[in-house]
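The chain contents come next:
Protein chains: 2
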Amino acid sequence: MVLSPPKASRRIQAIEVGSQLLMALVRHRQPMSLTTLAKAANMTPSKAHPYLASFGAVGLTEQDPVSGNYGLGPFSFQMGLVCLQQQNPIKLAIPEITSLAARIEQTVVLAVWGTHGPTVVYLGDSNRPIHVNLRPGSVMSMLGTATGQVFSAFLPVKLVETALARELKDEAVLAQNTSKSALQQHEATLAEVRQRGLARVEGFPIPGISAFSAPVFDNKQSLVLVITATGSSGSFDSSWNGPIARELQACAQTVSYRLGYAGK
Amino acid sequence: MVLSPPKASRRIQAIEVGSQLLMALVRHRQPMSLTTLAKAANMTPSKAHPYLASFGAVGLTEQDPVSGNYGLGPFSFQMGLVCLQQQNPIKLAIPEITSLAARIEQTVVLAVWGTHGPTVVYLGDSNRPIHVNLRPGSVMSMLGTATGQVFSAFLPVKLVETALARELKDEAVLAQNTSKSALQQHEATLAEVRQRGLARVEGFPIPGISAFSAPVFDNKQSLVLVITATGSSGSFDSSWNGPIARELQACAQTVSYRLGYAGK
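Chains A and B supply the protein sequences, listed in that same order. All you need for the working numbering is the position in the first sequence, starting with 1, plus 45. All you need for the working numbering is the position in the second sequence, starting with 1, plus 45.
No wet-lab data here; the hints were simulated from the structure. Some clues are possibly wrong.
What the hints assert, rightly or not - Derived BS3-like pairs: lysine-lysine, alpha-carbon spacing no greater than 25 Å straight-line:
| no. | chain 1 | residue 1 | chain 2 | residue 2 |
| --- | --- | --- | --- | --- |
| 1 | B | LYS136 | A | LYS265 |
| 2 | A | LYS265 | B | LYS265 |
| 3 | B | LYS265 | B | LYS203 |
| 4 | A | LYS136 | A | LYS265 |
| 5 | A | LYS203 | A | LYS265 |
| 6 | A | LYS203 | A | LYS214 |
| 7 | B | LYS136 | B | LYS265 |
| 8 | B | LYS214 | B | LYS203 |
| 9 | A | LYS136 | B | LYS265 |
Keep in mind it's a predicted model, so treat the numbers as computed, not measured.
For reference, chain A alone in the conformation it holds in the complex:
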């Protein structure tokens, strides 16, 4: 879905032009000379200067008195801090996964790391609901599910080891979700998940159900959510470069960006 811009009839061009300077400062991540900054924003220095004077007057930018370089100012910081305080990963992810579920026509599951491991907090249903017993509050296997594999691949090792040890002591979990061969190749699987940024299961642990899972990171570069697309294997394109994999990954990256993830 492409978002259409707000109705263009009444806009303030100076805001949109001037913002190019702020965007260049964010991309560059450190103060720049007028010449460098103007160039990065596709302007001449003489065009950029009055914008910077006005951004400076409100604290969106500031000029270093020694070097003369322009950087983001104290008011930019205040805006970011207000955003940080309002940050709610689940609330932020819900509209994104609702739209993803409609686009790929598969069920989309949102999971967080709960006290008992990977825990479903939200289900975005499509027109093709899957008939599995999955609902908010469900705890998922670390070994057997794509969701669990993403948590296993990206959470701190200690946390993963503890959860895995507990899971391997739980006979019900074992019978339901894992096989000896799965356990043996577990490390290789996690290495692949880290490399691809995506986990996949096909017809296992639940016959006939496939899934992709992708990680969502926050501004501290920590895993905060796992988004999973899942459906009946017959209608689920499980190729690594298929539309489901790509759309899911784009969705997880959008949410990560919104949470301030700086990327790798």
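Given the coordinates of chain A, work out where chain B should sit on it, guided by the hints.
Using the frame of chain A, we list chain B on its own:
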């Protein structure tokens, strides 16, 4: 010192007018309806709307699709995160205390919490240098100095207790800096420091030298720096409402604001 605004000859009025909307969103700390937001920025809704359309187009603001309320957008968050990454409390404080030292004509000392306790990292000298053995790297008494009292009053209790216990075992420190009566009234002193946001010593531990110290907090509401104004008791106005106390406090508040402190 009042900073003069950038030369007004060439500015972009739309930036400065529109920023009033961003400032209202920062003050309010949560999304607002168009009517409420416009009012908070002293505009009519019809004047505010085109600004918000343009801020929205660049991600500085966004509109909640359900409530229709306007809030800060993902680009505001990115700007704040870049500021957070660039944050350097000492670098930020140095120009402020240099200017403070000139204004109050007293020595101004910047201290951080080091591995051995309150540690001087910078000295801003005035035209009236004091003749005490204080230089970057000096560790100051927790009990006997105004700097130490501010750390004692605002750091986590565990940290303070450990440092204080160590100090009380150190005979040299004890002989130099503390008296039995000082120790006895220590808790009362710290309560006063917390209440005033300012610590004061007069002619003690060093006869003839007085000092005020003020805390600097960061965006996590943690104490990160202590700024101390100190001088010969004869030329040092040590009244709680005198110019030195007021200027010092204003300086510490300015640095705190720049570090994202939300205030109390």
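- Does the structure keep LYS265/B and LYS203/B at a Cα separation of 25 Å or less? This hinted pair holds, its Cα atoms lying about 18 Å apart.
- Message: Please verify whether LYS136/B and LYS265/A have alpha carbons no more than 25 Å apart.
- Response: Within the cut-off at roughly 23 Å; holds.
- CA of LYS136/A to CA of LYS265/A, is that 25 Å or under? Holds, at roughly 18 Å.
- Message: What's the verdict on LYS214/B and LYS203/B, does the C-alpha distance respect the 25 Å limit or exceed it?
- Response: The hint holds at about 17 Å.
- Decide if the proposed pair is consistent with the structure: LYS265/A and LYS265/B, CA atoms, cutoff 25 Å inclusive. At roughly 14 Å apart (the allowed maximum being 25 Å), LYS265/B and LYS265/A satisfy the hint.
- Message: Would the hint linking LYS203/A and LYS214/A be met if the CA-CA limit is 25 Å?
- Response: holds, 17 Å
- Item | Given hint LYS265/B paired with LYS136/B - CA-CA distance at most 25 Å | Given that 25 Å is the threshold and the Cα spacing comes to 18 Å, the pair holds.
- Message: Next pair to validate is LYS136/A with LYS265/B; report whether the Cα-Cα distance is within 25 Å.
- Response: Holds, at about 23 Å.
- Item | Given pair status - LYS265/A, LYS203/A, alpha carbons within 25 Å | holds, 18 Å
Of the numbered hints given earlier, the model fails none.
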